[in-house]
Every structure is written in C-alpha cells, then in structure tokens.
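Each chain, written out:
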Amino acid sequence: MIRRLAAVSGALTLALALTACGGDGGDEPKTADDPYLPTGSPSVTVTMTSPPADYSTVSGEGFSISAPGEFQQRRLTSADGEPMLVLEKPSSIEAIPQRVVVIRDVDPQQSAAEQSFALESVKAAGGPAGDAERSQVDVPGDAGPAFLITWKEERPAEGASTVQVTYWQLMEQVGKDLIINVVAFAPTSEFETSEVSKILRTFVADDSQVA
Amino acid sequence: MLGGHDPARRRERGAATLETTGVTIIAAMLVVGLIVSATPQARIIGETFSYYVCQVVTLGQGGCTPPSSSPEAHKPTDPCVVTQDGVERNAKVSVLVVTASDGRRIEIQRLSNGEYRVTVTDTGGAGAEVGVGGGLTVTVADTTVGGSATANAGASLDIKDGDVYYTDKDGIDDLMNALLQDQVKDATVGDSGPIRWVTDQATDLVGIGHDLPDPDETYAEGGVSLNASAQATALTESANAGLSESALLGVRHNRNGSTTVYLTTTVSGEAGLQGLGIDTEGNPQFQGAKLEGKLQVVTAVTLDAEGNMTQVQATASAGGTSTGLATALFGGSGDAAWTNQQSGLHVWQATLPIKDSADQTTASQFLLAQGVGSLGAWTNPLLGTAAAIGTQNFFDAVRNHGTLTQQTYDTNSSTVFGVDAALELGVEVGVSGNVKTDSMTTTGAQYWDGSQWVDWEECAA
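Residue numbers (my numbering), protein chains in the order written: chain A, 1 to 211; chain B, 1 to 461.
For the record, the hints were derived by calculation from the structure and aren't laboratory data. Hints should not be assumed to be uniformly reliable.
Short derived list, chain A residues pointing at chain B, Cβ under 10 Å [what the hints assert, rightly or not]:
id : residue
1  : A79
2  : D105
3  : G126
4  : D131
All residues carry an ideal CB built from backbone N, CA and C; glycine is no exception.
Next up, chain B with everything else stripped away, as it sits in the complex:
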C-alpha cells in the first residue's frame, strides 16, 4: 500500500470534518442568533436560523420550513383601485343611434401607481360595480344603490367581460379618442367588414384617425352553459356540507399569453369552513363562537402558455354576519376597528405565486378542497388520492411568502339616474335606458407583512 494512505480512513476524516463544520455552523449561528434576537429583524433571522439548523441536522433531507421573506417583500406590487368613475356610452355619445338600453360601457379607473385602467364592455350591468383588484368587481346590492349600498345589503364578486387597456396620464387622451371613435364607427358601420375598412382608411387620410391598440386583457364570463359539462359529468350535487361545488365564473386572457381561470365557491357558516379544512377551534378569536352567514370565495388560477400554474389567488368580499367567516378564513385583522366594521365593503385577497413544488402541492390541495380536479389539460396531481385537505396550508404559505391584503370601500352610487326613453327609436337621436355613474373610494387598506397587518399607504384614499 504505497504511501500508507487508507481510503477508508480518508473517508472518515472527511466525515469528521463535515460533522465539525456542522457543529461550527450551529455554534456560530447560535451566537449570531443571540446577538440579533433583539433587533427588528429578529423574527426573520430566527426563522432563517431554524431553517439552517434543520438543514444541517437532517443533512438536507428533512422537511425544513424555509424562512419567510422580509416585511417589504410582502408589500403588494399590483396597483389597487383608489377611485373609479364610469360613464355609459349612450350618454357620452348621444348622437349615436343606440338600439338597446345597455349601451357599451367605458369605465376608467385611476390606479394607485398612477396608471389608468380602461375597461370597455358591452354589458350594461346592474347596480354599482367596483373593481377590487385581480380583475374582479363587486356588484353591490343588485340594483339597490346609494345609501343602502353596503355589503349587508348583498354584494357579489364577479368579473366584468370586455377588453381592458392600461395607459398612463400621457396616453389617456389618445386612448379615449381611439375608443370613442371606434365606438362611433361600431355603431354606424359595424366593427369589421369592407365598409368599416373603408371608413378606417378615410379617417386616417383626413388625419383624424386614432389607432385602437390591442387590449392588454380580455375577459369573458359564463354561466350555466360554461358549467354544463361539469354538470353533465357529475349529474348529482357532490358538495360537502356548507360548501358549494366550485363553479366556473369566467376567464381572462393576458397579453403575455397566460390565462386566468376564475372559480367561485360559497362557504356557508362554520360547516363550510370545516369543509375547507379550517379548524376554527384553533383560532382564539372565534373559540366557542358559532360562525354564521355565507361567504363567496373566488379563486383565480393563472396558467402560462404552456399550462404551468404560476399563481393562485383567493378573494372574498364580506360584510355583516359573513365578516367573521372571512376573518377566520383569511387570518383576519387584529385591529378591532377593522374586525368590527359592519358597514361598507370589506375585501380580502390572498395571492400565492407558484415558485416550487411545495407551492404546487399547496395550491393543488387548496383547489382539491374546492372540488377542482382539472382545468382542461391541467390535472390536479392529488386527484383520486387520499390527500388531506390543505386550505390552511394555502393561507399559511401566503402569509409566509405571498401577498395578503384587506381593503374597505365606501360605495357612492347615488348619482344613478334614469333617462326616460320617451323618444321613439324612430326619432333616432339616441338616448335611451339608464345613464349611470358609479363611484367608489377605498377607505382603508392593509397588507400582512409577514408578522402583522400594516397600513397599505398607497391604497388608502
């Protein structure tokens, strides 16, 4: 044996070195942990410390919980709606001949980042519809508006079909000119075909043409027909007690090629929460309390062009008796002023970006709890397995490394008024049906920074 080197001993020396290194790392981290434990970053450092100790002890094979991110990392990056004004076309462009009272609607929202979000839709919509983020709107009290337009009177989450454009302050004039011109043409010569082509060329030639850009987002809604195949497959109701079967609400096409599918589920009382896997007994705030009311939860699943899930978002709007349900489900606010608020709209939103296999499993569990086995070619990997319902895991993951927000809104739609369609269409001067303006303002906004609710300054009015 040349040199007298024993390979086995060499391996043992290496093992000893690894053990020594591990102990050294743990010792060093203990010291560092003690030093920084009194700093504002103590929680995250503590989680980081625990994570690496776990990794060393289990040689990287254990189920170690990674540290949550910094408070700043939890701050929502998507803009929120701070004001909204909607004007219907049949009032704005009164010289047009309109054939229905539900004229195409252009809605302009000013977002917290200074951008404008312009939604163009053909549906008239009833009641006051306000955007609450994530492509969703809240319809308040059906046709009841004004002073009674509170969540107590009934509010439902919905999406609004149509095209959406985003622009900045410099671009809003051109966009509106293009939209209005486009709609003048739509109403007079149709939105395509040879006459429209000629009209477009003519307006360009005389220098008054404005190109309408491709929309940034396109929304479509559905109802019974959209859900017919699910009903045909199941034939019977299979929902858990207190939990409605998840139904498709609609879809959003995004310019980057991704698609967002919206599903809606109704949670009824404590039985519904337990159907979702939420143990309210574990929440001191609701110990012994019997939670009542109904809560509509809309789950938005975004998949990229290849069908990979990239984000799952849950949104709920509540007021009155359903506030307790929402608070239990989303983690709630420790702020008594928020918890006790009984009027106005209160909207919670939990967003989990899917970054690794753990997120995928968490999202799959959350969707399975709502009865979602597939979305086209995407098949829930837990389908048919005896996997535990993991809704609480979803909200834990969101609190750990996602985005969790809550907002309150004051709706003021008392400006809705009707224009009596006394003029016959034969007169062809174009004003018929209702002319509506909606408005709403955010009255408060908070986000979860990883350890507590903090004010979301940009989204407060």
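Isolated chain A, as found in the complex:
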C-alpha cells in the first residue's frame, strides 16, 4: 500500500512538472470534446496565404476571399436561406466549371470537427481511389479550428460519360453558432493548374463577432 501511495505521489509530482513545462503544448494530444479531430498526417501540408497582387478581394457576410479577375462572381441564397457566394470560370468540360463557393452553416447542430470527420468518412467509404484526406489548418485570427478535406469523385459530364473532379473543402468554426465552408473544385485534369485552391487559401473569416 505504501509503495502504491509512493508511486501515486511520484506520478502526481511528474504531472505537475509536465504541466509546468507544457507551454502551448503544440504537439500535445488533442483534448476534451474532440473525438473527431484528425489523427493522421496529411500527404500535403496546406497553409493559408495572403492574396497575390493580381487578385481582387471580395467581401461576404462574415468573411473575405480573393480571386483573379477572370472568375465571375455570383451571389445566391443557399438551401437554408443564407447568402452564398459563387466564384467561377469555365473549364474544359462544360458541365464542371472551375468553381469556389462559400456556404454559411448557421447554428450548426454539430461542430466543424464532427462534420469534417463525417465528410472525410463518407468520401473515404468508397475506397482508397477517392484519396480522401483531412487535416487541421491554421487560419488567421482567433477563429477556428478549421479543417481541410480533400477528395476526388466522378461526376456526370455529357451523356453517359463521367469526369473525375477534385474537391477541396475548408470547414472553419468561426464561432459556436457559425461554421463557414469554402468549397473549391475543378476537373482533376486541370485542378493543379487552376486557381481554385489558391482562391480557397485566401479565405479570411471575420472573427470580430466571435464570443
């Protein structure tokens, strides 16, 4: 019994020592309420970026994003009645443009961590060919966390033919009552040379209202 108590005492001392030198704990395992956070390492590390000089900044409700001039801008209303921004230009396949869409998720029932977990799971369910990945991304300001989910899937093109499309979706928890999604996609054959992923990386949430 004495040995056990001594062991407990030693363990607690160790705990205090670890706490004292823990700092921000950047490499520390994720804590509390985050069973849905990413655990693996993404094949590519994506960082948010400042817009290039030839990009124009577009403001929406609670965010800004930048795009080159050839991308047409449309402001629509999403299925749940929220304002939705669409930036797009034609691709080599008429049915699948190069497109970036910003969609607001107001009063979400589930967190961005859980919804991004669910999205990654759905896109990975069809097998490894979907290349589904998810990573946590550092975003400017106090908002977050933010998650980037990337995958590929077939979409109908013309007639009975399909075309592979590459998707990137940024899911940022701006506050408890708001998640903002940025969905960027283009035919896989031209995704790398398109600007859609760069446009996504210029997204900045307005976190001034974050509680």
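The hints should help you fit chain B onto chain A, whose structure is shown.
Structure of chain B alone, referenced to chain A:
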C-alpha cells in the same frame, strides 16, 4: 477414316443426350412439383421448379428469377431494441463540475439477444430519442414528450453521434465502471494529455482502474457543412416532384473496417412515390386513393474497407397520414390491426445484402432514384445512363431474399423533468440543465417470411 467414327455425329449424339437429359429433368421436376404442391413448402418448391425449368429452356442464358429462400431465412438476425433507459451524466455523477446543460449522455439498451448496447454521446438531444435498429433513432415531437409523443406529433429518423459498445450481462458492470471513471477523468483532467496519462497510471496502481475498450461503432452526424459540396456542385434544386434531394445524414465506422453512410430523402404524397418509381395503381389496397402526408426515408449504405457495397437498408418511420405512404412503399401489412394503427411509432426497415451483380444493379437503381451518383470513390454505375428507376425492384428483392420488418413502439417519456439550475457555477456542485430519462417499449414486431407477415416473437415486448 479409322474406326468409322464421324466427329460430327459424335457431337450430334452429345446434343441429343443433352436434349434428352433436359426433357428428363423437366419431366422429373413436373412429377415432383405435382407431388409436393400441397405441402407447406409449395411456394419455394414452385419457385425452384420454375427457376430450373427456365434455366434448362434458356440453356442458362435467360433472365431466370432465382427461388426465394425459406421463411426461416427471412427472419432478422440483428437484435432489436426491446427496452431503453437513458440517464444523463450530470445527474448520475452529480459531484462533477459540468459547464453545460447538455452533459455527456450514456444510454443503455437491452437488446433482444440479451446483449447490452451502450451509447456514449456528448450531445444532449431534445425530446425522446429511441433506437429503432440499424443505428438509427427516432426523435419524437422535438421537445414534446409524454402522452402526446406519438408519430402524429412528428417523428424524425436520426442517428446519434458518439461511441457505441456492446457487452453481455457479465460485462456490463465493468463497462459502466470504465465509462463512469473515464468520464470523471474527462471532466476533471481532460481526455488526453500528460495529466490524464498520469491519472490513468495512478488509478491503475491503486487498483481502481478500469480499461475502457475501443468502441464497437463510432457515429458522426452532419448538417449544412456535410452537404456543402453537394450544394456547391448543383447550386440549384434538382429534385423530382414530391421527392426531396437526398442529403447526407451521417456516418458510422464499424470495428470490422466497414463504413455505413446514412442518406435521407423525404417522400411527399403520391407524387413522391411515383418519383421513386412506385406505381400505387398496382396496389389494390390503394387503388384510387390519393396518398397524402410526408415520409422520411433513411437509406443506409454499407461499404467494406475496399469500397465494395455490402448492404443497403431503407428505414422509414410514420404515423397518421404518412402511414399509407409507408405501407405502399414497403409493401405494408395485410393485418388490419397494423394498417389502421394511428397512434404510436411505426417503423419499417428493408435490408438487402449485396451478394451478386443483380443485387448491385438493384441497389444502384434504388440509390439513383434518390439522386445518389457517388459516395466518394464509389460511383453509381448507372450514373448518366437512361436506366429505369428501380425502387420497386429493390423492395421486390428484399421480399425475395432480404429482410423486411415492421415494428410499433409506445414511447413513454413522461419522466422528463427539469432541474432548475439555480446554483451558480461558482458553487461548483455540478447539477445544471435538464435531467432526463427516456423509455420506450416495442408493442409489436413482424417480419416478412417470403410470402406473408409473421410475428417476430423476440422483438415483441
């Protein structure tokens, strides 16, 4: 020509033998068919007879319908929920400091096979949520509970996020001890990190540690964000009249590496049924009737670790005006007592295991009818084709060699009560928000045995 044997004649002799054999088989089966036609197995034998006659006549090249399986083979093997009790953590572990009213919830269900299903979730949930099988729950009337908690007041199918553990009677104590201990630690020192590690080691050393096993299933839900890419791709509503566009509801990770994706579609009135390809005119029960109401159908698609589809399951919960829709879609019950039931929850579930290419085609047609073109790397092979909508084929296949069930539930959640959070958090004694107990009981259960609805004894209360 040595021996005088003509190869052509030899081939003809073989052909004659085959024809003779075919005729003999047909004749023999006719005799056998006549002998057994009056037995209880007559239907299956008849189907088997027809199948083999078709195979012989078409030399195996025709579209012969295989015989359905025996009545016993249609009996559901998955356990069903017969009772349920839920207790929220902030009442159970009242010494904890909780920071929100929606404390983590542990829900214990006793299943028909004697096992316990323990669900641990962080979401508080509103109203009475009851498990109905297939990983789904029914949320009754939002926050309205008790006597008015009937399907008429509104019921929606949902999944409940969190971890699920299965254990038997011998294991339930250890599991609950591990869960409660784990949650005590979660609330006091977090669920990971160095402090948690030390605390785990310390409790193990003093002999009070209980290892929390890996969950058997993990669920996650989604909403607008989960469906954002579909909306960004389509930009416009493209649903058929009376049929909502299929939306992702959530996902389940299973311990065997498979994943189940849940999709939800709303069927509105007869137009919705026709959008799904159901011709209600062909059903005598509803001839000339105008079907009204709305029916939520949840489709659960299970894919193995390689992305192969292994099962498709459709579930609907209905009551009142939507009962007719559900009955038309799922085949309904010939039992007037079931058909006319207007109160309580009524849940139908149709499960088709994917065993061959015919099942794959049937499942693909069913999913296409709901606008499902892909699930990640799984691409609907009928995408972009002019394939006929085949929802009726799906239910025919389920009746033939799948599992079709219907259950009714009596919900009794009148024990929900609120604890006034008069105590400030600064007092830190931990009880805040609502304390709820839910309960529900199956009042009736039936399954389709291949030719008729029969009572599902194990799932009746």
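| task | Double-check D131 (chain A) for me: the hint is only fine if its C-beta lies closer than 10 Å to a C-beta in chain B. | result | For D131 (chain A), the interface hint holds, since the closest Cβ of chain B sits about 8 Å away, which is under 10 Å.
| query | Can A79 (chain A) be said to touch chain B, with a Cβ gap under 10 Å? | reply | Since the shortest Cβ distance to chain B is 6 Å, the answer is holds.
| Minimum Cβ distance from D105 (chain A) to chain B below 10 Å? | holds (4 Å)
| Hinted contact G126 (chain A) with chain B - closest CB pair below 10 Å | Holds. Min distance 3 Å.
Of the numbered hints given earlier, the model fails none.
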